[in-house]
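Engineer: One letter stands for each residue in the lines below.
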Amino acid sequence: MTYVLGKLLHIVIVAGAVLPGVGAVMVWAERRVSAFMQDRLGPNRVGPAGLLQPVADLLKFIFKEDVIPGHVNKTLYVLAPVMSLVPALVAFCVVPYARGMAIADVNVGILLVFAISSIAVYGISIGGWASNNKYSLLGGVRASAQMISYELALGLSVVPVFLIVGDLNMEAIVRWQKENGWLVFWLFPAWVIFLISSYAETNRLPFDLPEAETELVAGYHTEYSSMKFALFFLAEYIHMTTASALSVALFFGGYELPFVTLPQGVWGTVLSGLIFFAKMSFFLFLFIWVRWTLPRFRYDQLMKLGWKILLPASLAIIVLTAGGVALRETLK
Amino acid sequence: MIRETRVMLEHAGDPAQKTLAGYRKHGGYQALAKALREMKPEEVTEEVLKSGLRGRGGAGFPTGRKWKFVPKTNKKKYIAVNADESEPGTCKDRQIMENDPHQLIEGTLLAAYAIGAETCYIYVRGEYPHSIRALEDALDEARGAGLVGRDIMGSGFSCDIWVHPGAGAYICGEETALLTSLEGNRGYPRLRPPFPAVEGLWKSPTVVNNVETLSCVTHILRRGASWFSSLGCEGSTGTRLFCISGHVRNPGVYELECGKFTLRELLMELGGGTPSGRPIKGVLPGGSSMPVLTAAELDVRFDLDSIAKAGSSLGSGAIMVFDDSVSAVDVALNISQFYSHESCGQCTPCREGSDWVRLMLDAVRRREAGTKDVALLLDVLDRIEGNTICALAEAFCWPVRSFVKKFGAEFEAHLKERASA
Amino acid sequence: MKTRIVKRPQLSVGERIYFATVVKGLLLTIKHFFGVCRDLFDWKNKKTAITMQYPEERWDFKDNFRGAPALVMDQFGREKCVACQMCEFVCPPKAITIWPAEFATKDNNVEKFPDRFEIDMLRCIYCGFCEEACPEEAIFLVKEAELVHTDKKDFIHDKGKLYEMGGIREDRILKWQHK
Amino acid sequence: MSGTVNVTVDGKQVAVPGGLNLIEAARYAGKSVPHYCYHPRLSVAGNCRICLVEIQGQGKLQIACNTRVTEGMSYFTDNERVRKAREGIMELLLINHPLDCPICDQAGECKLQEYAVEHGSGITRYAFEKVRKPKNVSWGDKVVFDSERCILCTRCVRFLDEVAGTPEVGLDMRGEKCTLVVKGDGKLTSPYQMNVIDLCPVGALTSRDFRFKSRVWFMHFTDTVCTSCARGCNVTVGSRGDRVLRMVPRANPDVNHNWMCDHGRLHYAFVNDETRLTVPRVAGKGAPYAAAIARAKAILEGARGQGILAVASPFMTNEELFAMKELLDRLGVEDRFFLKPMGEGDDLLVHPEKCPNARGAALLGFAEAAAEWPSKEYGALLHFAPHEGADLPEEALKRAKRRILFSLKEREADVCFPLTTWIEKDGTVVSAGDRLQRLTKGITFEPTLVTERTVLDRLHASLDASHRPPDTAAQALARLAAALPAFAGVTWTRIGPLGMKLEATGAPA
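Chains as they are written, first to last, in the working numbering: chain S, 1 to 332; chain W, 1 to 421; chain R, 1 to 179; chain G, 1 to 509.
Isolated chain S (complex conformation) (with noise of 0.2 Å):
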């Protein structure tokens, strides 16, 4: 029963409270950092240097007219956005984001995250077709179609993952890093192809094509408004922060940090916490900065990038680890 309580109060923390709050920091860094690589200042109005910005948007959202247009199918419409954020709250859930920390300790985590974030792009896509727009039908067909594309190469990207650390267990996959040095540095090309796929996983800059504003005008969520669109829009930093958080942990030694033993205990566990987030920081930092640097891809070189770059190079990084694994076998 404790258990059962205990892991309710870490959900509901986590979903309800660290990943929101995370969400809404990064509205506020996002605009700021992308002010500042632009000569702006950013939002610096409400409250100490804007932080209370994200506190005004979400005012704005709840309090703004909830418009559901007249010609949308109504169900799926107000259900996408739904749709859109729970698998990414889910997702986050074997994440170890500090020592024994991860909500879901499973055996197969990575796996479960795939599976997990595949589903949302159910989201996006019932929500473009929901939508009863063309500029918005457009957006979900082109996201399910991105998805599919670098879902392969993400999937394929972390098998080298496993074959090295033999075990999909995430906390496992941190320890062996703690002993075995960051995987970047025995992977970093599959990392390479890792970080690719996210953006394109999250739609992010280059690869926002489901949005595309220039082109399709918001793209799915075009017809969306209010608390909707706000679910679609943390759905995404959501996105963004697992798909950190798996970096962290399946590439740079997740909450423990190199030639440093944490202290066992409360303390070392929130230190271990805080290292996981100052990692993870940066690479939500690299999502912004990213996205302020590179202009979108066109859809074909999108496509070409997915299914004839990453796919072939992940595919030979997975048969050159193996031949290595299988080497480093041998010689033991």
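One thing to keep in mind: the hints can contain errors.
[Unchecked claim] Lysine-lysine pairs mimicking DSSO-like chemistry, simulated, CA-CA at most 27 Å apart: (1) R:Lys175 - G:Lys135; (2) R:Lys7 - S:Lys304; (3) G:Lys441 - G:Lys501; (4) S:Lys74 - S:Lys60.
By construction, these hints were calculated from the structure, which means they are not laboratory data.
Quick caveat, the model's predicted, so the values are computed rather than measured.
Go by the hints and put chains W, R and G onto chain S.
Structural biologist: Then chains W, R and G, alone, in the frame of chain S:
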């Protein structure tokens, strides 16, 4: 030596000439009697035509031909005598009216007989009260003697003559404006055609003649056309009254035969040269409305056609002389001031243009204009000249233009003084 | 027409990977990022051309700036507008409405004035045609661009408001003194 | 004078009627010669000098207005010399003309503006003070004079002298100080004085009534007919925003030439009256047309046995009268009258009948009401009140139990329909001399207003479902022409903008 040939002014010095008896002593009214008794009206006209008499008002139109324009209808006809002598520098008609009025009356009656007019008006300049009185007196006497009025000299020809004082407008010396004024309206010149000889006073045929012209008619009928044409020269027959004024030693009215001497001789011998001895700078040979002649142009033969060939006109016979102490700019401005004051205001170019010309010349005189403005002045004169109902526009365009053209160097020098001053 | 053939530039393999270019781009944006960060701490000596912080910092408009149209008076505080309605006629969005009236006194040089003069700022497109059409130099587009009201009615500028905005402008014609 | 002569205008040979002046003759060659002082209906003054043309073989330029065509004449209206002279005249006209266009009512229809653009040089070389002359001079309560704007064309002087027969205006001073003055106490008295405003080619004479009301370019113009008397002067009505602002005569050589009387010109105030009735009233309360028509129908049907008195108005158009006639025929009404307002007339234009269509009412079978009204009692009265003048006497009103009125203002009645004025509808009237003329709709006073013809037709249709009313005035006229021999062969287009004589009535021309 140039001599006067006195015909009209022969007895002007004799105070008795003003009376009927005095006038009759020298053959007065004999011509009228002869014409009424022995000649048909057409014969009178023929005689005048033969004499080569040209109008003495300024335009120099052959008088006989003018009379011939009068249509032979039963309509009432009129004679209007233009005694509105207001051209600056002109003072010849008053010599006739004040010293020998009967010759004018006789000439008027002859003209009336020739065209069949029964009413004649003598339109006298309002500023000539002496002339008006003299004419009134003479008319009273003549009327009393049966020379004017019903059944003149028992010939069955009736003709009355009325003196009409003007009200002080220069424009009423223009023949159609004179007629409008006679009718009791504003002295506005009329559109031509129709010409007054066809449609004049109250839409009736009217002959408008100058005082001097009609006085000549008296003498033509008295002594014959051939005698008259023997005087003067071809194109300028008979004698003419000239009023010499300005910088001359002997100003005054002279009766001369044309074509016998040059203008310079006239001014030097009769006029006696300038009183100061300074050289003559320019001469306005026909009143203020005619182009100026410079000192270099004075050797022109003194008759209508020769002066016209020299680019000016004898006009009303007012010869105004000025020596080199006078500024050409001042003269031009003075002339334009007069005409801008006298423009009747009927038609646009003269009404607006005369004042503009005055202002431009004033600016030149005050050295507030540039040489470009002088070119503008000439251009404006171009736009005015010839585009108006009557000749008043020409009357200031011609002299002003002649001054600007002939004394251009002086205008320029005057304007340049501004820079140095 | 003569056509000119330009050879399409061929990218080398390195360029086609884009990797170096992407890094170059990332370095550029991060340079600006840190530039602004630095300036935040040393605002007085800022080196980056940071966008204007609008309500506190404002543009000094040029004289030919086309802000809101306003009526001006001459240097003696007299009305210059004679209600000729040329601006009303020329106004493309029909924002101007004038009710002309005649002065009761006849000894004025000026016979006509606008009894009411209204500009609907919700229609105004700041084209400046009114200023250009005005034969009396009575209407100008002043350096006023911040029109914020909470009531639609306030956007209709009446004569009082227009004169308040326009103020006094030196006049050379002075038609009140001489025609 | 008679016959045609051949002239060459700017190299183009045309045959023109003899006796024409060069301005009129040039029109035959498609050339227009500018002119200010010349007016076809006034004597020639020849003082503006803008119509200077070059006649081949003549040294000086001649004014076209005072020169008549002769056989074989060739003249130029647009060669270099003429253009230069014209430009000169324009410049001279403008040097003392004030820069008043912004406040001048004439702006927009000003000859000086038009010619300045067409023939002027566009610049002035005049660098001096302009001449000052009296401005805003009152010439009585109708005309305002501005001497600075005056170009002294003397059209007004000639009009008052030659046409109106009241030579009240003359010239004073001379040269550039020349100005117009009114003799006596300085006020015009002529009942035709406002024509000088139209005649004035510039803004020197303006109408006190129209002064500063609107710039002409904002106005909408409608060609129609004045209804203040039976003369039927052709007019152009200027309106803005569905309110009539002015009326000016429209040239019609058979009716009013270029003139109209001041009374007619100012006779439009009742059109703009904001207190006019705009919705029908049933028993003193506003009601929709359908309800009012239903009430009127009930009254008429109820009164069938007791007799109905019908009183038409001579301000109604023939089409309205015909619609009324059809309704009365249907109801079997015998007593049909109309009231004719009478007043003073004069020799020029003013007709003693102060209504536009008394003759039409008579032709359509309505009898002119006598002084004595039949002593009969009626069940109902259907009465179109005249816009002004003679109205139904109280005793006659009281003779009917129920009253259906058509009136401009609200009146006590069982049903009171609003009247529309002459400028709010299409239709025809029979003016003096049996001249059929068209009225044209120029404004819509209120969108709710329905014209009388429609009301009558709807009333008729409510009584008789088979009644198929005509839509347009032209269709109504066709129906009328088919029914009445006096209007035989008349069509809307045949009447034309200038009207036509009703031959079939046998009236003297």
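Engineer: Hint by hint, work out which the structure violates, then give me just those numbers in ascending order.
Structural biologist: Result: no hint breaks.
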